[in-house]
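Number of protein chains: 2
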Amino acid sequence: MTTGLKTGLAAGAAAATPVLAQGAQRTERWGVHELVFDGPQTGNPFVDVAVAAVFKGAGKTIRVPGFYDGKGVYRIRFSPPDTGRWTWETESSASELAGKRGGFECVAASAGNHGPMRVTQDGYHFAYADGTPFRQIGTTCYAWALQSDAKCAQTIETLKAAPFNKMRMLVTPNVDAVATNPFVRTGKGPRDWDPTRFDPDYFRRYEDRIIRLGQLGIEADVILFHPYDEKRGYNDMKRADDERYVRYCAARWGAYRHVWWSMGNEYDAIKTKSMDDWDHLFEVLVGADPHDRLRSIHQINVYYDHRKPWITHASIQNGAAVLDDIRAAMHRDFALKPVIFDEVVYEGNSDKRWGQLTAEQMVERFWWGLIGGTYVGHSETYDPNRNADYSWLGQGGVLKGTSAPRLAFLKKIMEEGPAPGIDPIQHWWNYHIGGKPHEYFLKYFGAASPSEWKVQLPGRKSDPKHSFRADIIDTWNMTVTPVDGVFTMQQLNEYDVHDPARPSIALPGKPWIAVRMVKI
Amino acid sequence: MTTGLKTGLAAGAAAATPVLAQGAQRTERWGVHELVFDGPQTGNPFVDVAVAAVFKGAGKTIRVPGFYDGKGVYRIRFSPPDTGRWTWETESSASELAGKRGGFECVAASAGNHGPMRVTQDGYHFAYADGTPFRQIGTTCYAWALQSDAKCAQTIETLKAAPFNKMRMLVTPNVDAVATNPFVRTGKGPRDWDPTRFDPDYFRRYEDRIIRLGQLGIEADVILFHPYDEKRGYNDMKRADDERYVRYCAARWGAYRHVWWSMGNEYDAIKTKSMDDWDHLFEVLVGADPHDRLRSIHQINVYYDHRKPWITHASIQNGAAVLDDIRAAMHRDFALKPVIFDEVVYEGNSDKRWGQLTAEQMVERFWWGLIGGTYVGHSETYDPNRNADYSWLGQGGVLKGTSAPRLAFLKKIMEEGPAPGIDPIQHWWNYHIGGKPHEYFLKYFGAASPSEWKVQLPGRKSDPKHSFRADIIDTWNMTVTPVDGVFTMQQLNEYDVHDPARPSIALPGKPWIAVRMVKI
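If you're matching them up, the sequences are chains R and U in order. If you're matching positions, the first sequence starts at 14 in this note's numbering and goes up one per residue. If you're matching positions, the second sequence starts at 14 in this note's numbering and goes up one per residue.
In isolation and in its complexed conformation, chain R is listed as follows (with noise of 0.2 Å):
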């Protein structure tokens, strides 16, 4: 057995495949820096041998724990987060891995890469570590990722003509998937593979998939664990094997810098885990993963506490709470934290009553949850024979839903609208009115068709008074209709302005309208 040393420079997620170089290296900012070693191949080295680096830079020390990925090859990702010259050092269970030490130059970031996402400051939304604000509109493929080259080209293509900015996907099968061995099997039956042993071709074409979609600038919001495996079992391991597991996938994955960790799919679903399990799961992904990409977890009946320090947004399943701005923001104020309604039924024929939404029951569901402060989850589940399992839910593919281009005009809107996002205001008083105080107002009416909208807005005599513009939004048929003038605020009561020269603004008596009031 060789012992050798390479040192890996990427361009970060945009990359397929690492590119491997020896000597000076440069790595752009938030890219993924990759050292590649040599290293033992007897026993079992994923149970046996334990190695990292320690990254030291910009006044940080940072310790990045390596992954083996077969036939000796060991790996540490390292996701800069500063640039300057940085050195690193070895540190493993096996005399060969360890002590050995180098340094690369971390450059600017390039054009397009914004470094990972965080949460913002005011709590309750997302921007890029630049600082570019993240308008929400994710999607669910659950499999896609475990489906040929071929079917995963045509979901690729889908995307990139489609408004979604984060795709929630499952690491282990759910539905009929090319790939379905994350483990070295050890016999025919199902349940017959060994947990202590990952195969790496699994984790490489997930790997893949990841890259591919931080190409499209679509975050991963990767799923860990679900309860839709029973035949298999990977959800059912023993605690050590889960640990082993999510230590696996923190290191193999936590260096690209659009990676979500979404620590389980109807979590409360998986007999086989206890509120103590999910709670130990979190702090051993959060040891092992130094890029401290974001964390949650996604219900069926039973919230998890999202205030939990290790959360770092709430992931919530419900169709009834994005029916009313008002119940979606007060999924806020439990959980002190930005809030993403990851899955709210599906648009789609299946024979389910959770995936038979036409487009517009879709898209009212993201602009309710606009108001209310939070964001929004699409999916679909068509298919001849209505079952979702075969449609964009389960494999991905092609969409044959009418929703995402009204979802793109969403979008359009959230990015012309207030950073780093939308507030609701005043929710308590049932205003039912999103935007930012004083500046920008967005009134949804959903479902209702109203001919008019009396406009009175919140704001004491103590605010500052504005002019504003307004505009009347169709949501379905992507519109956006100047209103004519400007209104100038003055106080109506103690908590109310108005302009008492234009009290309220004509609207066209249909669905899916919105007014925006935009400070002048």
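A hint or two may mislead.
Each pair may be met inside one copy or between any two copies, as identical chains are not told apart.
[Claimed, not checked] Simulated crosslink set (BS3-like; lysine-lysine; CA at most 27 Å straight-line): (1) K286 <-> K350; (2) K350 <-> K321; (3) K365 <-> K474; (4) K321 <-> K286; (5) K532 <-> K474; (6) K113 <-> K251.
Hints in this document: simulated from the structure, not taken from any laboratory. Computed from a predicted model, the values in this text were never measured in an experiment.
Knowing the structure of chain R, use the given hints to seat chain U on it.
Here is chain U on its own, set in the frame of chain R:
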């Protein structure tokens, strides 16, 4: 100084003043067994002397802290949880109070004594210790206990004729009051008082009010801290003083079976305490209250995390949450505990928007809360000068609003309903129905005035099919009108049942209507 031993027999909360007796004693189950001792008067007994008794009986050992009641008198109050022989032995830092021994016979509870309040096994409702369901119809008179005896007597008279079975009440004053000095005064300024020396008269007066509520069968929701006291600063003490105060209240009042603890009113408006302080004070309270009375805390803006282990139920302020049963029910999903909306803005004529509800709007909030499986609190602000300080909310006295009879009617509907209470039924699917699945359904229409209700009830093929009788309930006019005939349920689709012969119920086209469907 004489060091004597007196043991007390009290029939429990029903006794305004504990009856002292020597020698053989009997105390009823869940009553108050009071031990009275003479002890040290020198120095500052509130700080210098610790006293407690260890009670043994029914296989249990319970250590009960005592308190100094002034003039050399020490009291230890114990509420025996089980009948049979109990023995006790005192512990004290003062030798003359230590090592006293005695015993008493705990006899069966008398009629009307249902024991202390507990959360029911299902996790979302309340019942007395004997299993009697508690249908919470709360009210708030913040400083009623601190008013003159005459005014207090007036409040008691009002309560005798009112439906309320829980009273929220501050320990320290927020508005004009007769009793304003819980601590011994040291000068003439509002902040001239000694936090280490309680005024026993003040606490004895408050205790008298607690006992009077008990005589009426009204739970006393004792609010330990509040933010309406910047002048005197009782809520801005140092940690050690807060701890002593909490322990004193717990020792004095914890044995009364109808006491609940509300750690704070609008806790997050008290700027001198952090979240850590609140958590700490709860830990102090848990340690100081061997009777384990219900514990919660009430917010203005920032929801406390009611999943914390010391919280027994969520106490919520939110006027919008109870305008929609699903918003209300989501608070159960957040807390995983019973939810009481203790403040939903008030009926009255206040010039503030938080005190301007019509009686209809007040009653509406109770009904939506009920359908959502939660409980609601009342108060009113009527005052000739529109100043709520001098209203029922501030000082008690008489009720001027018209919601109370409707809340009595509501309470009767609750009592006729399932035990331990109404649960939301599939609220994440927007049925807007509460009750008990397959057996009892309560549909409420609020301010809407439908002329018909299409009767589709949640029920799958595998669920039992029943026949139902129906009532149309006018929640404002307090009438129950039976619908002729029987509804025999059959499967309508995968999720719902209906009676194809009687697919709908005609309604009167008025607001504030509910329909009750009860299994025959």
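Of the numbered hints stated previously, which ones are contradicted by the structure, given in increasing order? 6
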